[in-house]
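Enquirer: Using the numbering used here, the first residue of the sequence shown is number 1, and each one after it goes up by one.
Worth flagging that the hints you see were computed from the coordinates, not collected in a lab.
Fair warning: there could be bad hints in the mix.
Said to hold, decoys possible - With a Cα cut of at most 25 Å, we get these calculated SDA-like pairs of lysine to any residue:
1) 337 / 323
2) 265 / 232
3) 320 / 562
4) 228 / 194
5) 292 / 334
6) 228 / 467
7) 228 / 496
8) 584 / 496
9) 296 / 336
10) 292 / 331
11) 296 / 558
12) 557 / 324
13) 584 / 516
14) 175 / 164
15) 175 / 255
16) 584 / 509
17) 228 / 207
18) 320 / 332
19) 557 / 496
20) 296 / 284
21) 320 / 558
22) 175 / 213
23) 584 / 467
24) 337 / 391
To be verified - Here are the computed distance ranges between Cβ atoms for each label pair:
25) 291 / 178: 46 to 52 Å
26) 579 / 459: 15 to 21 Å
27) 312 / 557: 30 to 36 Å
28) 333 / 207: 50 to 56 Å
For each residue, glycine too, the CB sits at the ideal point set by N, CA and C.
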Amino acid sequence: MCGAEQNRRKRLLSRFVALPALFSLQYASLRCAVLAQAIAWALPLTVVFAAGAAVATDAAVAADAADAADAAVATDAADADPPNIVIVLADDMGFSDIGCYGGEIQTPSLDHLAEEGVRFTHFYNAGRCCPTRASLLTGLYPHQAGVGNMIRDQHLPGYRGQLNRDCVTMAEVLKTAGYYTAAIGKWHLTRDDHPGDAAADRSSWPLQRGFDFFYGTLPGGGSYYNPKGLTRGNDPARAEGDFYYTDSISREASAVVDRAAAMHKPLFLYVAYTAPHWPLHAPEEDVARYRKTYAKGWDRLRAERYQRMVDMGLIEPQWKLSPRDHRVPAWEDTPQKDWQIERMAVYAAQIDRMDRGIGQIVEALNRTHQMDNTLFIFLADNGGCSEIISPRPVPADHPEAKFGNLPGVMPGSDETFASYGIGWANLSNTPFRKYKTLQFEGGTASPLIVHWPVGIAAERNGSLVDESAHLIDLMATAVDVSGATYPQTVGDQSIQPMEGISLTPALTGRSLQRDAPLYFEHIGHRAVRDLRWKLVCRGPYAPWELYDMQADRTEVKDLAAEQPERVRQMVAAWDRWASRVRAKPWPHTPTRKPSKQKK
1 MCGAEQNRRK RLLSRFVALP ALFSLQYASL RCAVLAQAIA WALPLTVVFA
51 AGAAVATDAA VAADAADAAD AAVATDAADA DPPNIVIVLA DDMGFSDIGC
101 YGGEIQTPSL DHLAEEGVRF THFYNAGRCC PTRASLLTGL YPHQAGVGNM
151 IRDQHLPGYR GQLNRDCVTM AEVLKTAGYY TAAIGKWHLT RDDHPGDAAA
201 DRSSWPLQRG FDFFYGTLPG GGSYYNPKGL TRGNDPARAE GDFYYTDSIS
251 REASAVVDRA AAMHKPLFLY VAYTAPHWPL HAPEEDVARY RKTYAKGWDR
301 LRAERYQRMV DMGLIEPQWK LSPRDHRVPA WEDTPQKDWQ IERMAVYAAQ
351 IDRMDRGIGQ IVEALNRTHQ MDNTLFIFLA DNGGCSEIIS PRPVPADHPE
401 AKFGNLPGVM PGSDETFASY GIGWANLSNT PFRKYKTLQF EGGTASPLIV
451 HWPVGIAAER NGSLVDESAH LIDLMATAVD VSGATYPQTV GDQSIQPMEG
501 ISLTPALTGR SLQRDAPLYF EHIGHRAVRD LRWKLVCRGP YAPWELYDMQ
551 ADRTEVKDLA AEQPERVRQM VAAWDRWASR VRAKPWPHTP TRKPSKQKK
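Put together the whole structure using the sequences plus the hints.
Expert: Printed below as a string of structure tokens:
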């Protein structure tokens, strides 16, 4: 017996010894299969033990068994049967909106996944939709994938506006390991996003980047009732009947689960909801459930969320609740309260509806007996969005005749096109400062729920992971658990190596052992985050700010003036990173001309 085969059998034996920790799995058939395989493959080892030989091997197996009893190691589970990988992405949702992160919005599906999985408290996205999607799907920083900004070609390597050819997507990698791959929902990674244009460059469309199936929208945000750029495969699709985009995404994703099960292939499913991105569109029956809740106003609700988050262990009590945004009045002084309440009620209804759709996907996985061995991940692409949609005149027959944030015009129906505003975005990002696009915690901190019964021991259910993690880690995690090989080349094209690390140790209660800081850049907003410190600035010409993330994760007390040497070192590290990953040169920061002095 070769050494590799012996080690494999030892790992299976250790899993057999640790079966009490695995008996929480829902489906007995899967447990029995693992048990039968473990016993069958362990028999040669037990004969050796009975003969009194290989004492050292016996000790090693016992040590492995002890490790397995602590946690069901994700990579060992993947050895037996590659898991499905389902990644669900919310759009423009704040860190604390959902129930299991302290919010008052009803999200029982996500809460249940958190109760039976783990939640990360220091997970980071790229601060805006396109860069986040590029990073998530490639395991690189967004500039390395060519999407350092949005989908406009700025004629620099890091800013081409669509995925380049020296990166690979998660779908392209997982296909090599036999996965069926599907993308459902918002794509937003191509400059040419009109499916009806026969001359469109399709090289950065889902089917051309490794996905077997695509249904969704190629552009970014739009109507939930009649979205632009709706596509099936490479062809235009129509929003027909009683159409609501969130529900359509959920149905298509559930159908993909059934399809993969019938094919007897492992599944990679990427579900990118547009909820709760503006415009504020939601059915009246969903909105009605939240009007009373948001009549409390943003001040009281921020305080309530903050206390729940402290009680849940999501944040440390020494981290102060950041002040209300200076542009936002106290709730008691806010005019047009009914209109303000309606805005947040519609926003909450969008998340509520998404959560029910996620429940449908989970139900499909359960119905097809796949949930136990599905690595299910939920996150958001950036923090709450403070963007204001200015009113503008539109023709009377325009489908969105009431366009913009018009005080007194209640959002929700298909004739409106509005956002929820700064005050409610401030609530969404509780307890943090700032919003989408900026690299403060309010812009880049994301909830991350990971659920995988085969890979997470039952005693870890509901636990929190407090180590820093990032989008770049998701590719490394997928490669780790799937058994796929990340390529060095594709044809004659060299491929950039992955930037991240696998998150599987954190699923078993072990340290990630991250040995490099995390870096951020978007349109001149920059940050560096190491184990303790975060250096951040707002805009290409703003001063750097320094925060002690152990004492002050809400970024209230700037220590830059007190520690200039630390600032200098971290700025130098950021500059080296920016040059390496194509964040520099910047297309959005022309050389500032010196101001003329008045005589």
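Enquirer: If a hint holds in the structure, say so; if it doesn't, say that too.
Expert: Consistency of the hints with the structure:
{"no.": "1", "hint": "337 / 323", "result": "21 Å, holds"}
{"no.": "2", "hint": "265 / 232", "result": "22 Å, holds"}
{"no.": "3", "hint": "320 / 562", "result": "20 Å, holds"}
{"no.": "4", "hint": "228 / 194", "result": "8 Å, holds"}
{"no.": "5", "hint": "292 / 334", "result": "17 Å, holds"}
{"no.": "6", "hint": "228 / 467", "result": "39 Å, violated"}
{"no.": "7", "hint": "228 / 496", "result": "33 Å, violated"}
{"no.": "8", "hint": "584 / 496", "result": "17 Å, holds"}
{"no.": "9", "hint": "296 / 336", "result": "14 Å, holds"}
{"no.": "10", "hint": "292 / 331", "result": "15 Å, holds"}
{"no.": "11", "hint": "296 / 558", "result": "32 Å, violated"}
{"no.": "12", "hint": "557 / 324", "result": "15 Å, holds"}
{"no.": "13", "hint": "584 / 516", "result": "20 Å, holds"}
{"no.": "14", "hint": "175 / 164", "result": "19 Å, holds"}
{"no.": "15", "hint": "175 / 255", "result": "19 Å, holds"}
{"no.": "16", "hint": "584 / 509", "result": "37 Å, violated"}
{"no.": "17", "hint": "228 / 207", "result": "19 Å, holds"}
{"no.": "18", "hint": "320 / 332", "result": "22 Å, holds"}
{"no.": "19", "hint": "557 / 496", "result": "38 Å, violated"}
{"no.": "20", "hint": "296 / 284", "result": "20 Å, holds"}
{"no.": "21", "hint": "320 / 558", "result": "13 Å, holds"}
{"no.": "22", "hint": "175 / 213", "result": "12 Å, holds"}
{"no.": "23", "hint": "584 / 467", "result": "28 Å, violated"}
{"no.": "24", "hint": "337 / 391", "result": "19 Å, holds"}
{"no.": "25", "hint": "291 / 178: 46 to 52 Å", "result": "49 Å, holds"}
{"no.": "26", "hint": "579 / 459: 15 to 21 Å", "result": "45 Å, violated"}
{"no.": "27", "hint": "312 / 557: 30 to 36 Å", "result": "24 Å, violated"}
{"no.": "28", "hint": "333 / 207: 50 to 56 Å", "result": "53 Å, holds"}
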